[in-house]
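Colleague: As you go down the protein sequences, you meet chains A and B in turn. In case it helps, the numbering used here puts the first sequence at residues 1 to 303. In case it helps, the numbering used here puts the second sequence at residues 304 to 660.
Please keep in mind that the hints were generated in silico from the structure rather than gathered at the bench. From the three backbone atoms N, C-alpha and C, an ideal C-beta is built for every residue, glycine too. There could be a bad hint or two in this list.
Stated by the list, open to error - Calculated pairs, SDA-like style, for lysine to any residue (alpha carbon to alpha carbon, straight line, at most 20 Å):
1) K217(A) with L145(A)
2) K512(B) with G291(A)
3) K512(B) with L523(B)
4) K167(A) with V294(A)
5) K217(A) with R91(A)
6) K167(A) with A131(A)
7) K512(B) with P290(A)
8) K146(A) with A96(A)
9) K517(B) with L287(A)
10) K217(A) with V8(A)
11) K146(A) with L158(A)
12) K517(B) with P290(A)
To be verified - Simulated restraints on C-beta separations:
13) G397(B) with S55(A): 23 to 33 Å
14) Q591(B) with G153(A): 49 to 59 Å
15) L629(B) with R191(A): 28 to 38 Å
16) L429(B) with P228(A): 18 to 28 Å
17) S466(B) with T57(A): 47 to 57 Å
18) A194(A) with I311(B): 39 to 49 Å
19) L149(A) with Q591(B): 37 to 47 Å
20) D507(B) with L284(A): 23 to 33 Å
21) D507(B) with V51(A): 49 to 59 Å
22) L142(A) with D550(B): 52 to 62 Å
23) T57(A) with T546(B): 28 to 38 Å
24) Q340(B) with P228(A): 44 to 54 Å
25) S55(A) with T546(B): 48 to 58 Å
26) G397(B) with R143(A): 30 to 40 Å
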Amino acid sequence: MYALQLVVDAASLGSLYALVALGIGLIFGIMRLINFAQGDFITLGAYALIVPSASATATLLVGAWPWPLMVAGVLLVVMAVALATERAAFRPMRQARPATLLIASFAVSYLLQHLILMVHGSRPKALSIGAALDEPLVVAGLRILKLDLVVTGVTVLLLVLLALFLKRTRYGIWMRAAAEDFSMARVLGVRADAVIAIAFLLSGLLAGVVSLLVVVKGGLLSYRMGVPLVLMGFVATVIGGMGSLLGAVVGGFTVGVVSVAMQALLPSGLRDARDAFVFTAVILILLWRPGGLVQVAAMRERV
Amino acid sequence: MDAPRPAIAAAATPVLLAAAVLLLVLGAEASGDRLIQHSMVELLALLVVVVGTYVFVGNSGILSFGHIAFMAIGAYATAWLTLPLPLKRLNMPGLPGILHEVSLPVTPSVALAGVLAGLVGLASGLALLRLSGIAASIATLALLAIVNVGFSNWDRVTLGTSSIVGLPPYGGLMTAAWAVAAILAAFAFQSSSTGLMLRAARDDEVAAKAAGIKVLRVRLAAWTLSAMLVGAGGALYAHLLGTISIDAFWLDMTFITLAMLVVGGMQSLTGAVVGVVTITLLVELLRQVEGGIALGPISLRLPPGAQEIGIALTMLAILLVRPRGLCGNHEIGWPRRSRRKDKGQGWADQMAQGDKT
C-alpha cells in the first residue's frame, strides 16, 4: 500500500517537473537558450491570481473568476510575458553564443524577480484556490489526493496534445525542423520569428499550467517561488538529454522519482535536506551518462 | 628600440592592476570617511571572489553558477576557525573536537578557508568537469544548490538558516594584500603552461585534444585554484560583515559577481577588475538614489528594488552592445609611446587579440 502511495506521489511530482523541463526544453531545442526565466514565468502566473499591491494579505483578482476563465486568464498572462521577454531581451541576441544567452536569461530572471518584489513586496502571501481538489479520494484503501490525479492527468493530456501538435501540424513540423538544424530549416522556408514565438508561447502555456497546479498545491505565493522548480527543471533537462523533448519528460519524471525515493529512504533528520541529495544523485547519474538518458544526434558536436 | 622587452611587457597587467587596487585603497583610507572605507573593503573582498571565479570561467570558457558555493564554504570555514571558543562550544556542537580547542587569528584562517574550499573544489571538479558546455554550467548550479540546502539544514555546525555573529574584524590593508595576491595568482596561472593549455582548449577543444592536451586535467587545476581564491574571498567577506548567514550566498550573490565578470569582460583579468569597480560604483550610486538625492530643485528618489533592476538592465545592455565586456577581453598594457600599426607588443596582448576569433 505504502509503495503504491509512493508511486502516486512520484507521478504527481514528476509530472510537475516534466512540465517545467518541457518548457525549458522547447526553447532550448530551437534557440540553444537555457531559460532561467521559466521559473519566473511560473511565479508571474501565480501572482496574476491576485491584485498587485504591497499589502500582506492577498486579494483575489483573476483567482476570483469562475475556474475556466481563471485558467484562461493565468495562461494568457504568462504567455504574454513569455512573448514579451522574447521580443525585448532574446530577439536582439539571437546570434549570440549559448553562454551569452544563458547569462542574459539569468539577468532577465533576476529582473523579473525584482519587478515582482517591487510590486508585491517580499513577504510570502497565503492564497487558497481550488480547495475542492485538496480532498482525498479513497480507492481500494489507497488515499489519493484529487489534486495528484489532476496534476498527473493534466500532464498526460498536455503531453499528448503537444505530441500531436509537433507531429501533425505545420507549425509543429517547422519546430521540429528548426530544432534539428535551424539554419537549414530557414533555408527551406521555415520562418524563424514564427517558430521562436511559438516556442515561447508554448513554454508560457506550460509555465502557466504549472503556476496553477503549484498554487492549488502549496497555497503560498513568494517572489522566488519558481526558483526551486526551475532548478529541478534544469537538472531534468540535463539528465534527460539536452535538446530532446522526450528526454525532458523522462528527466522530469526521473527527478520526481528520485525526490520521492529520497523522501522515503532518508532518515528523518536529513529529510529537510532532501534536495541536496536529489542534486547529488543527479550529478551521479550524469557521471554514468554524461550525454543524458536520451541522446540526440543534433546535439553531438561535429568535427 | 622603445618597445618594452617581453618580460617587462608581460608584467604590465599584474603590476598595473595591483597598483590600481592599492591606489583605490589608499584613496579610501585618506578620505577618512568610514562608509567609503567600508565599501572599499567590500569591493576588495568581492574582487578576490570575482578574480577567483575568473580563473575558471575566463580561462576555460565554461560559465559557472556554482562559485558562490565556495564563497559560502570559505565564509563558514573562517567562522569555524576564528570564533571565540565558548561561542563555538555552545552553538556548534557538531564541529570536530579540535575546533573546540583552538581559535586562530584571521590571516591563517583565511588561508585555511581557501584550502578547504580548494579541497571541496577538487572533489566536486572530478565529477562536474566531465560534463561540457551548458550541461556543466547547470551542474555547477546544482553544486550551489547542494551547498545551500546542506548548510541551511546542518544546524549543529552552521546554525542552519540563522546568522552566525561575532566574527573578528580584519583590516582594509590586509584585505587589499589578499586582493593583490589574488590578482598575481590569477595572472601567474593564465601565463603558466597549464593556463595556456586551458585557453587553447577553450578556443578549440577538439584541436587542443588532438595536440595532446589533457583537457580534464587542466580544467580541474583551474577549478581548484579558482575554488581556493573564491573561498578566501568568502572568508574576507565574512570578516568584513562580522556576521554571516547562508542566505547571503545564494542567487543574489551569484548574480552580482557574474554581473561584475560580464560587464568587465569575462575573458580577461583586467575585465574582472574593471567589472568589480564599475558594478560597485553603480550599486553605490543606485543605493544613494534609492535613499533620495537632490538634483538642484528636483529631488529624485527611486523605489526599493531599483538597484537590482538597474544592475540587471546594465548587464543586459552590455550583453547586447558589448558582449565581450568593457575591456573587450583585452588585458591592460603599458601606455604606448607611438601609435604604430603593429599592435600588441606584449604577448598577453597578442593572446588577448587571439581571443577575438
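Colleague: None of the hints should be skipped; say for each whether it holds.
Modeller: So, going through the hints one by one against the coordinates:
1. K217(A) with L145(A): holds (10 Å)
2. K512(B) with G291(A): holds (19 Å)
3. K512(B) with L523(B): This hinted pair holds, its Cα atoms lying about 15 Å apart.
4. K167(A) with V294(A): holds (19 Å)
5. K217(A) with R91(A): The given pair, whose Cα atoms are some 35 Å apart, is violated under the 20 Å limit.
6. K167(A) with A131(A): violated (37 Å)
7. K512(B) with P290(A): holds (18 Å)
8. K146(A) with A96(A): Distance of about 45 Å is beyond 20 Å: violated.
9. K517(B) with L287(A): Between K517(B) and L287(A) the Cα gap is close to 18 Å, so the pair holds against 20 Å.
10. K217(A) with V8(A): At roughly 15 Å apart (the allowed maximum being 20 Å), V8(A) and K217(A) satisfy the hint.
11. K146(A) with L158(A): The given pair, whose Cα atoms are some 18 Å apart, holds under the 20 Å limit.
12. K517(B) with P290(A): Distance of about 18 Å is within 20 Å: holds.
13. G397(B) with S55(A): 23 to 33 Å: Roughly 41 Å apart at Cβ, these two residues miss the hinted range, so it is violated.
14. Q591(B) with G153(A): 49 to 59 Å: Holds, since Q591(B) and G153(A) (Cβ atoms, about 54 Å apart) stay within the stated range.
15. L629(B) with R191(A): 28 to 38 Å: For L629(B) and R191(A) the Cβ distance comes to about 36 Å; the hint holds.
16. L429(B) with P228(A): 18 to 28 Å: holds (27 Å)
17. S466(B) with T57(A): 47 to 57 Å: About 28 Å separates the Cβ atoms of S466(B) and T57(A), which means 47 to 57 Å is violated.
18. A194(A) with I311(B): 39 to 49 Å: violated (58 Å)
19. L149(A) with Q591(B): 37 to 47 Å: For L149(A) and Q591(B) the Cβ distance comes to about 54 Å; the hint is violated.
20. D507(B) with L284(A): 23 to 33 Å: holds (30 Å)
21. D507(B) with V51(A): 49 to 59 Å: holds (55 Å)
22. L142(A) with D550(B): 52 to 62 Å: Cβ of L142(A) to Cβ of D550(B): about 40 Å, so the range 52 to 62 Å is violated.
23. T57(A) with T546(B): 28 to 38 Å: holds (32 Å)
24. Q340(B) with P228(A): 44 to 54 Å: violated (39 Å)
25. S55(A) with T546(B): 48 to 58 Å: Since the Cβ atoms of S55(A) and T546(B) sit about 31 Å apart, the hinted range of 48 to 58 Å is violated.
26. G397(B) with R143(A): 30 to 40 Å: holds (38 Å)
Violation of the numbered hints given earlier is confined to hints 5, 6, 8, 13, 17, 18, 19, 22, 24 and 25; the remaining hints are satisfied by the structure.
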